[in-house]
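Chain H: place on chain D using the hints.
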Amino acid sequence: MRKFLHEAKRVLAVARKPDQEEYLQVAKVAGLGILLIGFVGFVIMLISYFIQGMLAS
Amino acid sequence: MDEVKEKPRSKLYALDPIIRRLPEVAVPKRRVAFKERFIWTGVALIIFYLMSQIPLYGIAQREPFVDTNGNGVFDFIDANGNGVMDPGETALEPFTDLNGNGVWDAGAQNFFGQLRYVLASHAGSLMELGIGPIVTAGIVMQLLVGSKIVGLNLSESEDRALFTGVQKFLAIIMAVFEGSMLVLAGNYGKNVGLFSPAGLLLVLQLTLGATVVIYLDEVVSKYGFGSGVSLFIAGGVAMTVVWEALNPATGVIPNIIGTVLSNGDFIAEFFRPHLPNMMGLIATILIFFIVVYAESMRIEVPLAYGRFGGVRGRYPIRFLYTSNIPVILALTVFANLKIFAALLKAPWISYYTDAPNGLAQVAADPIRAIIYLIILVLASMGFAYLWVHMTGMGPRDVAKQLDESGMLIPGFRRDVRVMEWVLSRYIMTAALLGGAFVGFLSAGADFLGALGSGTGILLTVGIMYSLYQEIAKEQVAEMFPAVRRLFGE
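Note that the protein sequences, when read in sequence, are chains D and H. The numbers in this note's numbering rise by one with no breaks, and the one at position 44 of the first sequence is 44. The numbers in this note's numbering rise by one with no breaks, and the one at position 312 of the second sequence is 312.
Same shape as in the complex, but just chain D (with noise of 0.2 Å):
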């Protein structure tokens, strides 16, 4: 257990950290990716909510 905690130490210090162009890069990506896919599914549930809702009045 303390030996893992020391490698994982190590492991850490010594892992590369993402640059503010790549971060950012990659933030851009994952977040447009979600709302693109979010809003498709968002626009048919919504039509799904009102047919849903004319149908039971």
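Hints in this document: simulated from the structure, not taken from any laboratory. Be a bit skeptical, because a hint or two may be false.
As the list claims (entries may be wrong) - Here are the computed lysine-lysine pairs in the DSS-like style, where the Cα-Cα straight-line distance is at most 25 Å:
{"id": "1", "chain 1": "H", "residue 1": "Lys473", "chain 2": "H", "residue 2": "Lys222"}
{"id": "2", "chain 1": "D", "residue 1": "Lys28", "chain 2": "D", "residue 2": "Lys17"}
{"id": "3", "chain 1": "H", "residue 1": "Lys148", "chain 2": "H", "residue 2": "Lys11"}
{"id": "4", "chain 1": "H", "residue 1": "Lys400", "chain 2": "H", "residue 2": "Lys148"}
{"id": "5", "chain 1": "H", "residue 1": "Lys29", "chain 2": "H", "residue 2": "Lys473"}
{"id": "6", "chain 1": "H", "residue 1": "Lys473", "chain 2": "D", "residue 2": "Lys28"}
{"id": "7", "chain 1": "H", "residue 1": "Lys473", "chain 2": "D", "residue 2": "Lys17"}
{"id": "8", "chain 1": "D", "residue 1": "Lys28", "chain 2": "H", "residue 2": "Lys35"}
As the list claims (entries may be wrong) - Some chain H residues well away from chain D (every beta-carbon gap over 10 Å; in silico):
{"id": "9", "residue": "Arg20"}
{"id": "10", "residue": "Ile149"}
{"id": "11", "residue": "Asn153"}
{"id": "12", "residue": "Arg160"}
{"id": "13", "residue": "Ile173"}
{"id": "14", "residue": "Leu184"}
{"id": "15", "residue": "Leu194"}
{"id": "16", "residue": "Ile256"}
{"id": "17", "residue": "Tyr305"}
{"id": "18", "residue": "Phe340"}
{"id": "19", "residue": "Arg368"}
{"id": "20", "residue": "Glu474"}
As the list claims (entries may be wrong) - One-sided and incomplete, this derived list gives chain H residues near chain D with beta-carbon spacing under 7 Å:
{"id": "21", "residue": "Met297"}
{"id": "22", "residue": "Leu433"}
{"id": "23", "residue": "Met464"}
From the three backbone atoms N, C-alpha and C, an ideal C-beta is built for every residue, glycine too.
Below, chain H without anything else, positioned relative to chain D:
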């Protein structure tokens, strides 16, 4: 050569006659063009979304979206001039099950609880089981093969074909099983018997829905980007995030606007209980940025090319070496536990393996939160360890690969065992640490009440990132045919 002994064929070949009859999505004969991949992926996603909107036939429903004051909730402001779903008002949940539990919105009682995001499950719809059967079948097959219980050699094409066939067959069996268990557990009403016409009809619908997902997954894997499993998880989570943020009834942003316009209690919007709130939205964005950071962390092992001592390179090892897979596996096991717990009438089992959602629930029972956190972190580390060893990502496999391509670690003598030793210090540590990290982050984000669940956000960012890498690679290959040859196609 005469010495080569005929390897005993695996007992699984007994299933061969059934596997042969299972329809299969044909392997593409030529390279699938970029645009085509894009279209198949989109079509699969839309079919998945549509199926998660088709309610199961035979469960009770109520009129969607009317609040307790009887106001229709598509009007942004109710008769009192308040936002439509103010704190203190309760929505009549659309799609209430026979027990009176709402089944669609976050916070509503719902069989798989927070796990539904990992399963891409949409309660009360054809997508109730989501990808649960596929992932469960996958875990079982990996365990069977990894532990050498069935003697399949996945590097042989015949054995590999059998493996995927059996996995698909098992997934369909799992769908029938999980569907039956849900009916037995009384998820669709305590008085719906498994062998009553209503019960059988529900199992049939659930199985059909899950089977369509199994084939959609195959279509996406062969003709689209990534896999159907990851696409549907990401799709379900992304839809929930946008829905909970923007929908005109319970959405966080419309309600904030309504409250501000009517000079209502702004602070209360941050902590609305049982509804997506502003805290959740902030937590979602926070988790997003943390995960993006962790996803792009690398450990670079210096390498030299043996024959030309001067040529140096680096072998990048991802900090999240097994990505979010440990959490997916751990939570799929939890979901199956939940089914058994319901059956054994032992609700405490699923109580401690379901994440408290939001600070209110954490405060109500902190012990539960701590126990959940510990269980998830340990299970994730365990699965990270197993996954590395079972999928050929372990130090020995990587060392062998690098050694065969003539690489060595500068400062060490060229020996595959030395390389394995050096790599294992990085790989196993990164895998275990990464497993613990994703488990911790997933639980923590759930505690903050992130929209689409913390686990969902964690999975979705990872999925989007690898999808992006695959799309970028495809696009390069499309534009420069020479690159395609480089990949050996």
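Against the structure, the hints:
1. Distance check on the hinted pair: Lys473/H and Lys222/H sit about 16 Å apart at the alpha-carbon level, within 25 Å; holds.
2. Pair hint Lys28/D plus Lys17/D holds up; C-alpha atoms about 17 Å apart against a cutoff of 25 Å.
3. Distance restraint check for Lys148/H and Lys11/H: the Cα-Cα separation of roughly 12 Å lies within the 25 Å cut-off, and the hinted pair is therefore satisfied.
4. In summary, the hint linking Lys400/H to Lys148/H is supported, as the alpha carbons are separated by about 21 Å, within the 25 Å threshold.
5. Of the pairs offered as hints, the one joining Lys29/H and Lys473/H holds, with about 20 Å between alpha carbons and a cut-off of 25 Å not exceeded.
6. For the hint pairing Lys473/H with Lys28/D, the CA-to-CA distance comes to about 18 Å; that is within 25 Å, so the pair holds.
7. Of the supplied pair hints, the one linking Lys473/H and Lys17/D holds, its CA atoms being roughly 23 Å apart against a limit of 25 Å.
8. A C-alpha spacing of about 22 Å is found between Lys28/D and Lys35/H, which places the hinted pair at or below 25 Å, so the restraint holds.
9. Distance to chain D confirms Arg20/H as a non-interface residue, since its nearest Cβ pair spans about 36 Å, more than 10 Å.
10. For Ile149/H, the shortest C-beta to C-beta distance to chain D comes to about 29 Å, beyond the 10 Å cut-off, and the non-interface label holds.
11. Annotated as non-interface, Asn153/H keeps its C-beta farther than 10 Å from every C-beta of chain D; the closest such distance is 33 Å.
12. Distance check for Arg160/H against chain D: the nearest CB is about 31 Å away, which clears 10 Å, and the non-interface claim stands.
13. With a least CB separation of 29 Å from chain D, Ile173/H remains clear of the 10 Å interface cut-off, as annotated.
14. At the 10 Å boundary, the C-beta of Leu184/H stays outside the reach of chain D, the nearest C-beta of that chain being 28 Å off.
15. For Leu194/H, the non-interface assignment is confirmed: its Cβ lies about 28 Å from the closest Cβ of chain D, beyond the 10 Å cut-off.
16. Every C-beta of chain D lies more than 10 Å from that of Ile256/H, the closest at about 18 Å, which supports listing it as non-interface.
17. At roughly 21 Å, the least C-beta separation between Tyr305/H and chain D is larger than 10 Å, which holds for a residue marked as non-interface.
18. Annotated as non-interface, Phe340/H keeps its C-beta farther than 10 Å from every C-beta of chain D; the closest such distance is 31 Å.
19. The Cβ of Arg368/H lies farther than 10 Å from every Cβ of chain D, with a closest approach of about 25 Å, so its non-interface assignment holds.
20. Against the 10 Å criterion, Glu474/H stays outside the reach of chain D, whose nearest CB is about 15 Å from its own CB.
21. Because the smallest distance between the Cβ of Met297/H and any Cβ of chain D comes to about 5 Å, under 7 Å, the interface hint for this residue holds.
22. Evaluation of the Leu433/H hint against chain D yields a held restraint, the C-beta minimum of about 5 Å falling below 7 Å.
23. Evaluation of the Met464/H hint against chain D yields a held restraint, the C-beta minimum of about 4 Å falling below 7 Å.
Of the numbered hints given earlier, the model fails none.
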